[in-house]
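With the sequences and hints as input, model every part of the structure.
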Amino acid sequence: FAEKTGIVIELKYPEKGNLDAGCRKAMEQIEAKNYAEQLRNDGMQKIIKCGIACYGKECKVMFEEEIPQR
114 FAEKTGIVIE LKYPEKGNLD AGCRKAMEQI EAKNYAEQLR NDGMQKIIKC GIACYGKECK
174 VMFEEEIPQR
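Going from the sequence shown to my numbering is simple: count from 1 and add 113.
What the hints contain is simulated information worked out from the structure, not anything from laboratory work. Being a predicted model, the structure only gives us computed values, none of them experimental. Careful: at least some of the hints might be erroneous.
[As the list claims (entries may be wrong)] Keeping only pairs whose Cα atoms sit at most 25 Å apart, straight-line, the calculated BS3-like set for lysine-lysine is: (1) Lys173 <-> Lys159; (2) Lys129 <-> Lys173; (3) Lys170 <-> Lys138.
[Unchecked claim] Beta-carbon label-pair distances, calculated as ranges: (4) Gly156 <-> Glu128: 33 to 43 Å; (5) Tyr126 <-> Gln182: 12 to 22 Å; (6) Gly156 <-> Asn131: 34 to 44 Å; (7) Asn131 <-> Gln158: 33 to 43 Å; (8) Leu124 <-> Asn154: 36 to 46 Å; (9) Gln182 <-> Gly130: 34 to 44 Å; (10) Glu150 <-> Glu116: 30 to 40 Å; (11) Val174 <-> Lys117: 35 to 45 Å.
Cβ coordinates follow ideal geometry from the N, Cα and C atoms, glycine included.
And the structure:
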């Protein structure tokens, strides 16, 4: 059967172009504000959390995968 996958994306535009810090802040916000909770409640079997930081024409992406417990 097809796996139900949900995606949470948080985008940051960090000052001074610190893309690593921007990605970390985005990931921290996803956790702090519990953005994935509704996906868990909807029965997603996999949740991908993406923190994206952009500065000028540069971007960086951090992600982690969560497999909710049943």
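Taking the hints in turn, this is what the structure says about them:
At most 25 Å may separate the alpha-carbon atoms for a hinted pair to count; Lys173 and Lys159 meet this at roughly 22 Å. Among the hinted pairs, Lys129 with Lys173 is consistent with the structure: their alpha-carbon atoms are about 14 Å apart, no more than 25 Å. Taking the CA atoms of Lys170 and Lys138, the gap is near 19 Å; set against the 25 Å cutoff, the hint holds. For Gly156 and Glu128, the hinted distance range of 33 to 43 Å is satisfied, since their beta carbons lie about 39 Å from each other.
Taking the beta carbon of each, Tyr126 and Gln182 are about 34 Å apart, not inside 12 to 22 Å as hinted. Distance hint check for Gly156 and Asn131: the Cβ-Cβ separation is about 37 Å, which falls inside the suggested range of 34 to 44 Å. Look at Asn131 against Gln158: about 34 Å separates their beta carbons, and that is inside 33 to 43 Å. The beta-carbon spacing between Leu124 and Asn154, approximately 24 Å, falls outside the hinted interval of 36 to 46 Å.
Checked against the given bound of 34 to 44 Å, the beta carbons of Gln182 and Gly130, roughly 38 Å apart, stay inside it. At roughly 19 Å, the beta-carbon separation of Glu150 and Glu116 lies outside the given 30 to 40 Å, and the hint is violated. About 22 Å separates the C-beta atoms of Val174 and Lys117, a value inconsistent with the hinted range of 35 to 45 Å.
Comparing the model with each numbered hint stated earlier shows that hints 5, 8, 10, 11 do not hold.
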